[in-house]
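J.: Residue-level listing of the chains:
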Amino acid sequence: DTAVSQTPKYLVTQMGNDKSIKCEQNLGHDTMYWYKQDSKKFLKIMFSYNNKELIINETVPNRFSPKSPDKAHLNLHINSLELGDSAVYFCASRQSRGTPGGYTFGSGTRLTVV
Amino acid sequence: DQQVKQNSPSLSVQEGRISILNCDYTNSMFDYFLWYKKYPAEGPTFLISISSIKDKNEDGRFTVFLNKSAKHLSLHIVPSQPGDSAVYFCAANGMEYGNKLVFGAGTILRVKS
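As they're listed, the protein sequences go chains A and B. Residue 1 is where the first sequence starts when you use my numbering, and the numbers rise one by one after that. Residue 115 is where the second sequence starts when you use my numbering, and the numbers rise one by one after that.
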């Protein structure tokens with residue numbers, strides 16, 4: 001009954017590879033997010049989709065491409081992985097007309113690029 | 115440029131005593147503030163929030179205080195319990211800021227029994 005689920009939980013890959021992280025929410029929320037927690041532990045927003053439409057795109061290298069096939073899914077594809085991409089990536093969702101808070105996070109995907 | 119700052123990386127408190135976690139922000143467009151709790155290998159979970167029109171919000175053992183003029187908020191946990199040991203993130207957002215959650219770096223709270 002996981003509300004926001006991410007797969008895989010751990011991902012170790014070599015530099016230059018392409019990888020994807022998947023996220024699914026069963027809360028009926030209309031907005032989904034990707035956050036990155038870097039080595040300094042800051043959680044920073046990367047992207048946000050509302051009803052499959054991109055609404056937030058922070059300064060992220062274009063090697064990162066989010067894809068939302070429907071409002072319950074937001075996947076993150078990363079091309080040509082670099083060492084600096086190593087981080088924990090969190091997916092989150094919320095209902096846009098709900099409380100200003102109301103974010104539910106997944107348990108994270110720890111990406112290690114070697 | 116850190117718009118939400120948690121200047122104490124860690125805090126250690128005895129069980130039963132009060133834990134006070136602090137947070138400062140710089141962006142006056144923020145109008146909603148949240149605290150999240152995070153255990154290792156898990157995602158942040160919502161704890162408590164406060165709107166900028168209030169100065170206090172209480173939920174059981176947790177109380178958040180907001181001082182808008184000082185751009186400062188704090189989370190009080192009383193009494194502290196060993197299960198409260200976790201990383202606590204302060205976060206802020208606002209409609210005029212695009213409803214993006216902006217997080218602080220977190221404070222590790224250790225409650226000793």
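It is worth saying that the hints were derived from the structure and are not from the lab. Treat the hints with care, since some could be wrong.
To be verified - Straight-line Cα separation of at most 30 Å, DSS-like style, residue types lysine-lysine; simulated pairs:
1) A:K36 x B:K214
2) A:K71 x B:K170
3) B:K226 x A:K41
4) B:K170 x B:K226
What the hints assert, rightly or not - A short list of chain A residues far from chain B (calculated; beta carbon distances all over 10 Å):
5) D18
6) R63
7) P69
8) L83
9) G84
10) S86
11) G102
12) G106
Stated by the list, open to error - Across the chosen pairs, the derived CB separations fall in these ranges:
13) A:A3 x B:K182: 29 to 35 Å
14) A:K40 x B:I167: 30 to 36 Å
15) B:K182 x A:Q14: 47 to 53 Å
16) A:Q14 x B:A155: 38 to 44 Å
17) A:S80 x B:Y153: 32 to 38 Å
18) B:E156 x A:K22: 39 to 45 Å
19) B:N171 x A:S80: 20 to 26 Å
20) B:S124 x A:M15: 30 to 36 Å
21) A:A3 x B:E172: 21 to 27 Å
Values in this document were obtained by computation on a predicted structure and should not be read as measured data. Glycine included, C-beta positions come from ideal geometry on N, C-alpha and C.
J.: Compare the structure with each hint and give your call.
T.: Hints, one by one, checked against the model:
| no. | hint | in the structure |
| --- | --- | --- |
| 1 | A:K36 x B:K214 | holds (13 Å) |
| 2 | A:K71 x B:K170 | violated (35 Å) |
| 3 | B:K226 x A:K41 | holds (23 Å) |
| 4 | B:K170 x B:K226 | holds (27 Å) |
| 5 | D18 | holds (25 Å) |
| 6 | R63 | holds (21 Å) |
| 7 | P69 | holds (22 Å) |
| 8 | L83 | holds (22 Å) |
| 9 | G84 | holds (18 Å) |
| 10 | S86 | holds (16 Å) |
| 11 | G102 | violated (8 Å) |
| 12 | G106 | violated (5 Å) |
| 13 | A:A3 x B:K182: 29 to 35 Å | holds (32 Å) |
| 14 | A:K40 x B:I167: 30 to 36 Å | holds (32 Å) |
| 15 | B:K182 x A:Q14: 47 to 53 Å | holds (49 Å) |
| 16 | A:Q14 x B:A155: 38 to 44 Å | violated (24 Å) |
| 17 | A:S80 x B:Y153: 32 to 38 Å | holds (33 Å) |
| 18 | B:E156 x A:K22: 39 to 45 Å | violated (18 Å) |
| 19 | B:N171 x A:S80: 20 to 26 Å | violated (45 Å) |
| 20 | B:S124 x A:M15: 30 to 36 Å | holds (33 Å) |
| 21 | A:A3 x B:E172: 21 to 27 Å | holds (26 Å) |
The structure fails hints 2, 11, 12, 16, 18, 19 (numbered hints given earlier, in ascending order).
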